[in-house]
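Modelling step: build the complete structure from the supplied sequences, incorporating the hints.
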Amino acid sequence: QQQVRQSPQSLTVWEGETAILNCSYEDSTFDYFPWYHQFPGESPALLIAIRPVSNKKEDGRFTIFFNKREKKFSLHIADSQPGDSATYFCAALTGANTGKLTFGHGTILRVHP
Amino acid sequence: ETAVFQTPNYHVTQVGNEVSFNCKQTLGHDTMYWYKQDSKKLLKIMFSYNNKQLIVNETVPRRFSPQSSDKAHLNLRIKSVEPEDSAVYLCASSLRDWGYAEQFFGPGTRLTVL
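Each protein sequence line maps, in turn, to chains A and B.
The opening position of the first sequence corresponds to residue 1 in the working numbering, with each subsequent residue numbered one higher.
The opening position of the second sequence corresponds to residue 114 in the working numbering, with each subsequent residue numbered one higher.
This list has only true hints and no planted wrong ones.
Heads up, simulated DSS-like pairs for lysine-lysine below, C-alpha to C-alpha not over 30 angstroms straight-line:
| id | chain 1 | residue 1 | chain 2 | residue 2 |
| --- | --- | --- | --- | --- |
| 1 | A | LYS68 | B | LYS154 |
| 2 | B | LYS153 | A | LYS72 |
| 3 | B | LYS149 | A | LYS72 |
| 4 | B | LYS154 | B | LYS192 |
| 5 | B | LYS157 | A | LYS72 |
| 6 | B | LYS154 | A | LYS100 |
| 7 | A | LYS57 | A | LYS71 |
| 8 | B | LYS154 | A | LYS71 |
| 9 | A | LYS100 | B | LYS157 |
| 10 | B | LYS192 | B | LYS157 |
| 11 | B | LYS137 | B | LYS192 |
| 12 | B | LYS153 | A | LYS71 |
| 13 | A | LYS56 | A | LYS71 |
| 14 | B | LYS165 | A | LYS100 |
| 15 | B | LYS192 | B | LYS149 |
| 16 | B | LYS184 | B | LYS137 |
| 17 | B | LYS154 | A | LYS57 |
| 18 | A | LYS57 | A | LYS72 |
| 19 | A | LYS57 | B | LYS157 |
| 20 | B | LYS157 | B | LYS184 |
| 21 | B | LYS153 | A | LYS100 |
| 22 | B | LYS192 | A | LYS100 |
| 23 | B | LYS184 | A | LYS100 |
| 24 | A | LYS71 | A | LYS100 |
| 25 | A | LYS72 | A | LYS56 |
| 26 | B | LYS154 | A | LYS72 |
| 27 | B | LYS153 | A | LYS57 |
| 28 | A | LYS56 | B | LYS157 |
Hint data in this document are derived by calculation from the structure and do not stem from the laboratory.
Shown next, in the form of structure tokens:
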């Protein structure tokens, strides 16, 4: 059962553009939504996370927009750089007392110079 | 150095063999995880331990068994591997904080089953 859906599967943008990655979820009890990124040959690492008490979370060029009513959230990467090229995974905390994260299928982002 | 360490980096074996993977974290965390990342990069949790106690046990074949000697170590044994077990196995750890804590991943063990 797919609890976290992610789109697009891949995304190509030019350097300087804003990349937008989207996710949706099904269970309204989920209350923590992190984004992880994974560079080729490396392990996933936390990028930024949000809880539904907020509808926006910023960290430098990275912003999460959260829509609780529609059960959707997105990652915006402003002024994209070639070094941002990686696979980005959204996730949802589906087990609050266990730390269990359910990940989306990932978006492969390519930023062309 | 504080991090999550995994051994081996790679393992190639044949169908039916038994394999074991080791994971150690020196971050002082109390919760550890095993994930499977398939060829399409899909990350799926398999097991989670908190202070040596199993707290998450996803629907995985019974040939997979985790083993924890203390909160800093979590190993994974696979009895009689199958071709579909070929994947990267990632170990992670976190400090239990009602689930909101960042998970730190190890470098992974790539398993190839011939």
